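Chemist: Okay, here's what each chain looks like letter by letter:
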Amino acid sequence: MAETTYWTGSEKYLCDTALAQAFHMARVLGMPLLIEGEPGTGKTELPLHYAKNMGLDLHVYPVGSKSTVDQFVAKFDHVKYLRDSQIEILNAQREEKGLDSRLSTGGRNPEVLADYVAKGPAALAYSSPNSVLLIDEIDKAPREFPNDLLYALSHRKFIMPESGEVVEISEDDMPAIVITSNREQELPTAFKGRCIYHYIDFPDKEVMAKIIEKHYPDIEDDVVNVAMDVFYHLRKVGLERAPTTREILNWLKYIKQSASKEAIEKIERLEGLGALIKTQPDMDKVQRMLRVDPNNFTGPSLN
Amino acid sequence: MLSSLPSSFREYGLSTDVRTLLLLRKAIDRGLVKTLGDMYTVLRAIIVKEPADMGPYTRAYYRYFLDIDIRHGESLEDAIVRSETFEKWKTQYLKEEDEDANLSEEELVNIFLDQVHLTHYDIKEVINGKEIFDNDDPDLKDKEAEGEYDLSEREARKLEKMADYSDLSLKELLERFEKIKNQQKSRHEGGSHWIGTGGISPFGHGGAAKNGIRVGGSGGGKMARKVIGDRNYYPVDRDATINDNNVDAALASIKGVIEESATENLDIPVTIKSGLKRGGLFLPELSSEKNEKLQIIVLIDNGGYSMSPFVKTVQELFRKMKTRFAHDLEVFYFHNTVYDVVYKDARRTKPFEIKRLLKYDKHYRVFFIGDAAMAPYELDGESIQSLQAIVKKFKKTVWLNPEPIKYWGFTYTIQMVQQIMPMFPLTPNGIERAVQHMNKKSVV
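One line per chain: the protein sequences are G and H, in this order. Numbering-wise (numbering that gives the first Met the number 0), the first sequence opens with residue 0 and increments by one. Numbering-wise (numbering that gives the first Met the number 0), the second sequence opens with residue 0 and increments by one.
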């Protein structure tokens, strides 16, 4: 039976209720869970902690701009195959010359094609029941990649190249598949239709305070509050690239080197703004706004 | 059952069809849908495919299951308070909950939201909570013996009610949802039972809120409230002429012109090098490669008042493209139509001959952007020849027009240009269609 208990997070990972429910739903229905959301909302953490907490096998496929579905499912290793077949010849030649030492093929037999199939994370996950499969940042892939995945996702079946071996899994043993995306490009509608969709909201101040506390437990609350005011204000003014969790963490890393009173002053002077703002037009915009109304960012009118 | 759901949700621009229903059935069959709140979360996971669907989805859901019509720009609270469903529920609720008669409207809305969005996960929490409480209380048995059970008797009754739906079959559940839906519509039904005793929610007596697991409008209710008030959860107007709001949507559609592929190729130099190092044992070395092809020529009409509102947005659009994909993107300018030269700068001081333009690689995609409205004599033979030469050389050429499509028929020169090359409106949807047209296999 598939692992379909309702999982709400572990000691180290607090899973948002809505996300936990979506994840549960995906597992019960045997569909992949597609999580979208801005960077720094903890999309990748979910399957990692789930697998660890439940003691399940985890298979991760980090998607890159050069990803192909072969790497994800399985590849036939032509290089090894060629090497091993040449070794046979070499060994024969060595024997002729009366040399004792033989070159080894590492236990692989060139006549068994399956020995040369390098299984990718998908094939591995589908061969072990109730595992967890994470496909990370699928939006980085070339556009055809998600479409290529469709077949596998809807049929629960892969055919290994050359050897023809079929890796198949019953619906009951389906791995829990989690796919994450930063929405850098739109995924095909047909692909989304086969997934349970969940959008993680950007954390609000309460949650953000908790996240910050996790990273830097020793910063004083006052400093964090002032910094968050500035941060959320910057997110609201409509920048080309709004600062995310990672940016505020970096900024605080710089700020926290000073004592708390000094730190607040630093924040009010917007020192180290470069940690939060990443493009030149945005920087211009913020500076223009500062010239018009320098108190805008830290004054009481903030909220 | 619920067969009108897909069409009703489609009215809100959501893509729902029979597959939605099949999936919903499967979910109900597997015990994922027990309450109205479950219905909200499950349908959301099935139907919503991007954040911009959230707003329309929530509106469609309230309309379909609760007969609450959230008008555009209205907050969820206002819509609820205005609705008849809430009125009926309030009467019922206040009658049953005699002790808390003096609740404010706001509190009532919160309780209403709690009940609507109560999920079976919450109920489980209550049950678990009770179990833990029972287990943690070593005196419980003694108390029972002493007859102090009345406190938890109410609890027990509630739990019984919670449990009574879990045995329902798929068919019964579906029937129940159908009934809930219809009850909102029938005005003359005596009393509303959709929530509470006769409805799907196992405890309609404020039990959940009282047990302290939810505080006013949390969970699904909070989400619904947030979604209704936030522009981010609504789709941008994809049929509006391109502006600052929908420029990102336009960018997303125009990205379709990039030809992307990833392949593994035999890396010959590396193979030879490493083969020589091995003393003549040549093993194929593979290298993975990402091919991204973006060859675009943009020709912008920046003369005249009619075009000036759009030029900035168009430039912005292609600037964004260029920063993301540093490839061959050439921008030229012209006034009204193209004769023998176009210009490299926006002020039209640096001419660039069409003859030279025609020497570009034929795989370039060409976008004309202009309203194509001019005096008929301006579109003379020379101009038509230039346009035709461009279309002949670059097979993937389109004209994007900011003018609303309904006026196209009234302008002679627009019709002339349309005969030379395909024309699409300068809206996110129009751009998408233009890109699809370019990507057709037949257009090579």
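The set of hints was computed from the structure by calculation and includes no laboratory data. None of these values were measured; they are calculated from a predicted model. Certain hints may be false.
[Stated by the list, open to error] Using C-beta positions, here's what the derived DEER-type ranges look like:
| id | chain 1 | residue 1 | chain 2 | residue 2 | range |
| --- | --- | --- | --- | --- | --- |
| 1 | G | Asp217 | H | Lys94 | 38 to 48 Å |
| 2 | G | Ser103 | H | Asp266 | 23 to 33 Å |
| 3 | H | Glu106 | G | Pro216 | 32 to 42 Å |
| 4 | H | Glu86 | G | Ser257 | 38 to 48 Å |
| 5 | G | Ser257 | H | Asn101 | 18 to 28 Å |
| 6 | H | Asp16 | G | Glu267 | 31 to 41 Å |
| 7 | H | Tyr359 | G | Ser257 | 33 to 43 Å |
| 8 | H | Gln418 | G | Gly237 | 52 to 62 Å |
[To be verified] In silico DSS-like links for lysine-lysine, alpha-carbon gap of 25 Å or less:
| id | chain 1 | residue 1 | chain 2 | residue 2 |
| --- | --- | --- | --- | --- |
| 9 | H | Lys361 | H | Lys405 |
| 10 | G | Lys118 | G | Lys79 |
| 11 | H | Lys358 | H | Lys439 |
| 12 | G | Lys209 | H | Lys361 |
| 13 | H | Lys391 | G | Lys65 |
| 14 | H | Lys311 | H | Lys254 |
| 15 | H | Lys221 | G | Lys204 |
| 16 | H | Lys354 | G | Lys277 |
| 17 | H | Lys391 | G | Lys277 |
| 18 | H | Lys272 | G | Lys79 |
| 19 | H | Lys358 | H | Lys292 |
| 20 | H | Lys254 | H | Lys392 |
| 21 | H | Lys343 | H | Lys394 |
| 22 | H | Lys225 | G | Lys235 |
| 23 | G | Lys139 | H | Lys276 |
| 24 | G | Lys139 | H | Lys254 |
| 25 | H | Lys358 | G | Lys96 |
| 26 | G | Lys139 | G | Lys204 |
| 27 | H | Lys439 | G | Lys209 |
| 28 | G | Lys235 | H | Lys221 |
| 29 | H | Lys391 | H | Lys405 |
| 30 | H | Lys87 | G | Lys79 |
| 31 | H | Lys87 | H | Lys292 |
| 32 | H | Lys292 | H | Lys361 |
| 33 | G | Lys139 | G | Lys209 |
| 34 | G | Lys65 | H | Lys276 |
| 35 | H | Lys225 | G | Lys204 |
[To be verified] Short derived list, chain G residues pointing at chain H, Cβ under 8 Å:
| id | residue |
| --- | --- |
| 36 | Cys14 |
| 37 | Gln20 |
| 38 | Ile88 |
| 39 | Asn181 |
| 40 | Glu185 |
Ideal placement from N, C-alpha and C gives every residue a C-beta, glycine not left out.
Chemist: Hint by hint, say whether it matches the structure.
Modeler: How the hints compare with the structure:
no.: 1; hint: Asp217(G) to Lys94(H): 38 to 48 Å; result: 56 Å, violated
no.: 2; hint: Ser103(G) to Asp266(H): 23 to 33 Å; result: 27 Å, holds
no.: 3; hint: Glu106(H) to Pro216(G): 32 to 42 Å; result: 38 Å, holds
no.: 4; hint: Glu86(H) to Ser257(G): 38 to 48 Å; result: 58 Å, violated
no.: 5; hint: Ser257(G) to Asn101(H): 18 to 28 Å; result: 53 Å, violated
no.: 6; hint: Asp16(H) to Glu267(G): 31 to 41 Å; result: 55 Å, violated
no.: 7; hint: Tyr359(H) to Ser257(G): 33 to 43 Å; result: 57 Å, violated
no.: 8; hint: Gln418(H) to Gly237(G): 52 to 62 Å; result: 42 Å, violated
no.: 9; hint: Lys361(H) to Lys405(H); result: 33 Å, violated
no.: 10; hint: Lys118(G) to Lys79(G); result: 14 Å, holds
no.: 11; hint: Lys358(H) to Lys439(H); result: 24 Å, holds
no.: 12; hint: Lys209(G) to Lys361(H); result: 56 Å, violated
no.: 13; hint: Lys391(H) to Lys65(G); result: 35 Å, violated
no.: 14; hint: Lys311(H) to Lys254(H); result: 19 Å, holds
no.: 15; hint: Lys221(H) to Lys204(G); result: 16 Å, holds
no.: 16; hint: Lys354(H) to Lys277(G); result: 42 Å, violated
no.: 17; hint: Lys391(H) to Lys277(G); result: 43 Å, violated
no.: 18; hint: Lys272(H) to Lys79(G); result: 18 Å, holds
no.: 19; hint: Lys358(H) to Lys292(H); result: 19 Å, holds
no.: 20; hint: Lys254(H) to Lys392(H); result: 23 Å, holds
no.: 21; hint: Lys343(H) to Lys394(H); result: 22 Å, holds
no.: 22; hint: Lys225(H) to Lys235(G); result: 16 Å, holds
no.: 23; hint: Lys139(G) to Lys276(H); result: 36 Å, violated
no.: 24; hint: Lys139(G) to Lys254(H); result: 14 Å, holds
no.: 25; hint: Lys358(H) to Lys96(G); result: 64 Å, violated
no.: 26; hint: Lys139(G) to Lys204(G); result: 29 Å, violated
no.: 27; hint: Lys439(H) to Lys209(G); result: 51 Å, violated
no.: 28; hint: Lys235(G) to Lys221(H); result: 21 Å, holds
no.: 29; hint: Lys391(H) to Lys405(H); result: 28 Å, violated
no.: 30; hint: Lys87(H) to Lys79(G); result: 74 Å, violated
no.: 31; hint: Lys87(H) to Lys292(H); result: 61 Å, violated
no.: 32; hint: Lys292(H) to Lys361(H); result: 13 Å, holds
no.: 33; hint: Lys139(G) to Lys209(G); result: 29 Å, violated
no.: 34; hint: Lys65(G) to Lys276(H); result: 28 Å, violated
no.: 35; hint: Lys225(H) to Lys204(G); result: 15 Å, holds
no.: 36; hint: Cys14; result: 12 Å, violated
no.: 37; hint: Gln20; result: 6 Å, holds
no.: 38; hint: Ile88; result: 10 Å, violated
no.: 39; hint: Asn181; result: 13 Å, violated
no.: 40; hint: Glu185; result: 6 Å, holds
In this structure, the earlier hints numbered 1, 4, 5, 6, 7, 8, 9, 12, 13, 16, 17, 23, 25, 26, 27, 29, 30, 31, 33, 34, 36, 38 and 39 are contradicted, and the remaining ones agree with it.
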